[in-house]
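As given, the protein sequences belong to chains A and B, one line each in that order. Using the UniProt record's numbering, the letters of the first sequence correspond one by one to residues 1 to 463. Using the UniProt record's numbering, the letters of the second sequence correspond one by one to residues 1 to 411.
Take these hints with a grain of salt, some might be off.
What the hints assert, rightly or not - Restraint-style ranges between C-beta atoms, simulated for each label pair:
#: 1; chain 1: B; residue 1: P276; chain 2: A; residue 2: E126; range: 56 to 64 Å
#: 2; chain 1: A; residue 1: M339; chain 2: B; residue 2: L384; range: 49 to 57 Å
#: 3; chain 1: A; residue 1: L76; chain 2: B; residue 2: P109; range: 23 to 31 Å
#: 4; chain 1: A; residue 1: A260; chain 2: B; residue 2: Y44; range: 57 to 65 Å
#: 5; chain 1: B; residue 1: Y44; chain 2: A; residue 2: T363; range: 48 to 56 Å
#: 6; chain 1: B; residue 1: D128; chain 2: A; residue 2: D53; range: 41 to 49 Å
#: 7; chain 1: A; residue 1: T240; chain 2: B; residue 2: G117; range: 55 to 63 Å
To be verified - Here are the simulated lysine to aspartate or glutamate pairs, EDC-like style, with alpha carbons at most 16 Å apart:
#: 8; chain 1: A; residue 1: K155; chain 2: A; residue 2: D132
#: 9; chain 1: A; residue 1: K373; chain 2: B; residue 2: D177
#: 10; chain 1: A; residue 1: K373; chain 2: B; residue 2: D228
#: 11; chain 1: A; residue 1: K373; chain 2: A; residue 2: E204
#: 12; chain 1: A; residue 1: K59; chain 2: A; residue 2: E175
#: 13; chain 1: B; residue 1: K189; chain 2: B; residue 2: D177
Said to hold, decoys possible - If the Cβ cut is set under 10 Å, some of the chain A residues that face chain B in the computed set are:
#: 14; residue: C215
#: 15; residue: R376
#: 16; residue: D420
The hints are simulated quantities; they were obtained by calculation from the structure and are not laboratory data. Quick caveat: nothing in here was measured; it's all calculated off a predicted structure. Quick reminder that beta carbons are idealized off the backbone N, C-alpha and C, glycines included.
Here are the chains, one letter per residue:
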Amino acid sequence: MLGDGSLERLKREGRIVVVGASLAGLRAAETLRAEGFVGSLTMIGDEPHEPYDRPPLSKQVLLGRAAADRTALPRLRSVDATWRLGVPATGLDMAARRVRLADGDDVPYDRLLIATGVRARPWPREAEAELDGVFVLRTADDSAALARRLDAGPKRVLVIGAGFTGSEIASACRERGFPVTVAERGAAPLVGALGGVVGAVAAEMQREHGVDLRCGVMVTALEGDASGRVRAALLSDGSTVETDVVIVSLGATRNTGWLAGSGLGAGPRGIACDAGCRAFDIRGIVTDDIYAAGDVARCPHPLFGYQFLSLEHWGNAVTQARIAAHNMISESTDRIPHMEVPAFWSSQFGVNIKSVGVPSLGTEILISQGSLKDHRFLGVYGYQGRVIGAVAFDHARWLPFYQELIETTAPFPPSFPTVDRRSDGQRPIDADFPDPSVPTHGPTVTLGGYSPADRRMTFTPAH
Amino acid sequence: MTQSLLHQILDHANRANPYPIYEQLRKTPVHHEDGGPYVISTYYEIRSLLHDPRISSDARNLASTARDPLAEPAREESALPPGFLRLDPPEHDRLRRMTNRPFGPPHSPHRVDGMRGELHDIVSGLIDGIGDPGRIDLVEQFSYPFPVTVICRLLGVPREDEARFHTWADTLAASLDPDPDADPTERGKGAHDARMQLGMYLAGLIEERRRNPGEDMLSQLATAKGEDGAMTTMELLSTAALLLIAGHETTVNLITNGMLTLLRHPDVLQRLREDPRLAVPIVEELLRFEPPVQLVPQRTTLADIEVRGVTIPKGASLWLVLASGNRDPQRFEDPDRFDPDRRDIQHLGLGSGIHSCFGAPLARLETQFALSELARRLENPRLLEDPPPYRQNAVLRGPRHLYVSCDGIRP
Ligand SMILES: Cc1cc2nc3c(=O)[nH]c(=O)nc-3n(C[C@H](O)[C@H](O)[C@H](O)COP(=O)(O)OP(=O)(O)OC[C@H]3O[C@@H](n4cnc5c(N)ncnc54)[C@H](O)[C@@H]3O)c2cc1C
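Work out the full structure: start from the sequences and follow the hints.
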């Protein structure tokens, strides 16, 4: 393609299709236009809404400070696209370069961006999941329905799963004064993402705020009353929780089902792509016209041993979208890789939590500033003698420093004193991540795969 | 022999335009002259040191051998503990957090915004009172009194006491600005007296607010009993003094530098006159282009730290030259151009990290109001002297007077 004018033609009169009209999809479309793409742009989304922001759904919306239908994403520029909203894509024909839609239509493309994200993992027993009062939280509609039910004043709220979303929901419900029970299979909230040392702090925070936190238990069944409303939950320790609202917060499943049989390297763990967001086919060969970005993508990261990372992080979706869009309309020599250090934030129980790097890769943790006891601290994660991640509880202003340590593969444990030298710092301890074979709610970061040079790369076929 | 760069920074002769010196300085991002401080002048290095937990703001960590030409003489007699600006965590975090409760989000999200009406009235009153439009000293008649009045209202200083308060504040502000011509003992004594009187006044006010709390910040600070406990009277005094000095010294210069810059860029002044909303990007660009705090001199290293290949030893004195970082061509395109339409403007004008300017939201709002109202009401304003006479201070840089004339003052 180099210099033969085809790229110019693509930018002028090409057809680009984006499947998944949310954060990554919108930011990619804006970047395409900003970088001079004037051809036709089609945005396909199964939700009927214009692109909106999800983080407020488990925070401000549940607190009653924002309406679920008022979190539309700000438009950074006009994208002049054909919007096909409320229509899922159902299939992909890579050879014919067409995306099939549920309404029978089929849309041709020269370049395709897949940004279909993830969906909430539903309660596994279907009949129980259908009970009135049982919710998941991923979409604006989910959030609106849940907010309405909370406004009616529940007797008790049961949150199943204490990952970030579950913990944020519990926090919002406590702030509104509702009785809350949280059931978590792991030893503490957030252990999958941050390990047991930090998880213990999260548990303390929940209990101090009046959450009835039950760890090391599973909900085994949900019970409804005669009218089909949820009434109680049975727990693996033999106890029963009487409740009229249940929020299932068991992590997410990647939206790749529609790609089954297409030949794209898409499976339950996401769409494998290279650092430039170009998708692999099932043979492990990179495609030139299909890209993936956001929660659905799985990219090798040079800083983390080329492991394929899939990240359910807002910032990651934005960066990958921009990179995918840029690369789509660039000469191969002008393409840019996704090398940003992952970063995530959450807010719960009055504490601002932020992480950089990949804490869940760490084996040890050192509290370098602040103290666990105060619930205000900075924890550095170490892996094989280097700094691999950091988490801040109300200490976010220091994070750029720790990000630099990660970027420069600084040694762990850090050997220097900090401005905050308190007794529980300066000694690394086991970060206490759960045995990966024992499922928790699922960490927000999942790792898998091999280095690009490893020919044993295999993909589970799409489900 | 040519003068060392450090001396050139301190030399008052260069105050009106220090930027060529900073350009020289950036050629050696870590500049060190025998026995002096380590001077950091490039954007990325400054920003990274502002977030570095091995850098302390607490003077007690300075090695006794570190010599700093800007170090304040020990003021035993003042006996006030340092404000949170000069403390490290955890003391810093606790005091700043407690001070923030009545000031900003999440607990007081509307405090600053709620002052809009009052700011507008104060600005209008000062402009109304300017008098002879033929020779206005903008510093004396506007930029000084404005922020002090605002601080009074914020802290809850009764109106009838404002005049006294102004006098002490002026004396203290002047003492921060060593004037080579003045008699040092005389000035020192004046500052000491002012500090004593102000301290006693504030202590009395605190007592009174403990008994009869109002809506003001001092009342809220004096009666707070949150998870962080209560502030001691000494802590309250040093916090109030910090708010007073830091809040007032910086805004004076930001407003004055702002007006000076606008008068030098009449096209921008005209645009602001037509659209007061332009004040927002103008203030941001000013914080980059002419920041009131030129450099942060009070930092020291807790360990040997390597910066751009230079090892800065433990206990060294550090100067972070924010104003130089703001004009680093590695970071900003065409950095010496004043351009309010600049989109990428992550300046260092308000610092960064845990000590980033506490009063930033208020300073921004004050300056936006001040500049847009001056632009609207002064008819055909022009500088009577360019450059204006500058204050001695190399850290808090700004004109001592800004003489302006105009054809009249619009209602
Ligand atoms: C409640 C909640 C709180 C969060 N809080 C934070 C936070 O505090 N911090 C943080 O960093 N991140 C947070 N996140 C994560 C963040 O929102 C995601 O990382 C981000 O939304 C990912 O954007 P995306 O565009 O990749 O995917 P999504 O936002 O999931 O968008 C994918 C879109 O594609 C659509 N789609 C799926 N399949 C098809 C199909 N076949 N055809 C057409 N359309 C399809 C989906 O319906 C969806 O609209 C939160 C997420 C949730 C749900």
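Structure-based check of each hint:
1. P276(B) / E126(A): 56 to 64 Å: holds (60 Å)
2. M339(A) / L384(B): 49 to 57 Å: Taking Cβ atoms as reference, M339(A) and L384(B) lie about 54 Å apart, which means the hint holds.
3. L76(A) / P109(B): 23 to 31 Å: holds (26 Å)
4. A260(A) / Y44(B): 57 to 65 Å: violated (47 Å)
5. Y44(B) / T363(A): 48 to 56 Å: violated (31 Å)
6. D128(B) / D53(A): 41 to 49 Å: holds (46 Å)
7. T240(A) / G117(B): 55 to 63 Å: holds (57 Å)
8. K155(A) / D132(A): Cα-Cα ~14 Å, so holds.
9. K373(A) / D177(B): violated (43 Å)
10. K373(A) / D228(B): With Cα atoms ~14 Å apart, K373(A) and D228(B) stay inside 16 Å; holds.
11. K373(A) / E204(A): holds (9 Å)
12. K59(A) / E175(A): Distance of about 11 Å is within 16 Å: holds.
13. K189(B) / D177(B): Roughly 14 Å separates the two Cα atoms, so the pair holds.
14. C215: Where the cut-off is 10 Å and the nearest Cβ of chain B is about 25 Å from C215(A), the hint is violated.
15. R376: holds (7 Å)
16. D420: For D420(A), the interface hint holds, since the closest Cβ of chain B sits about 4 Å away, which is under 10 Å.
Of the numbered hints given earlier, the model fails hints 4, 5, 9, 14; all others are met.
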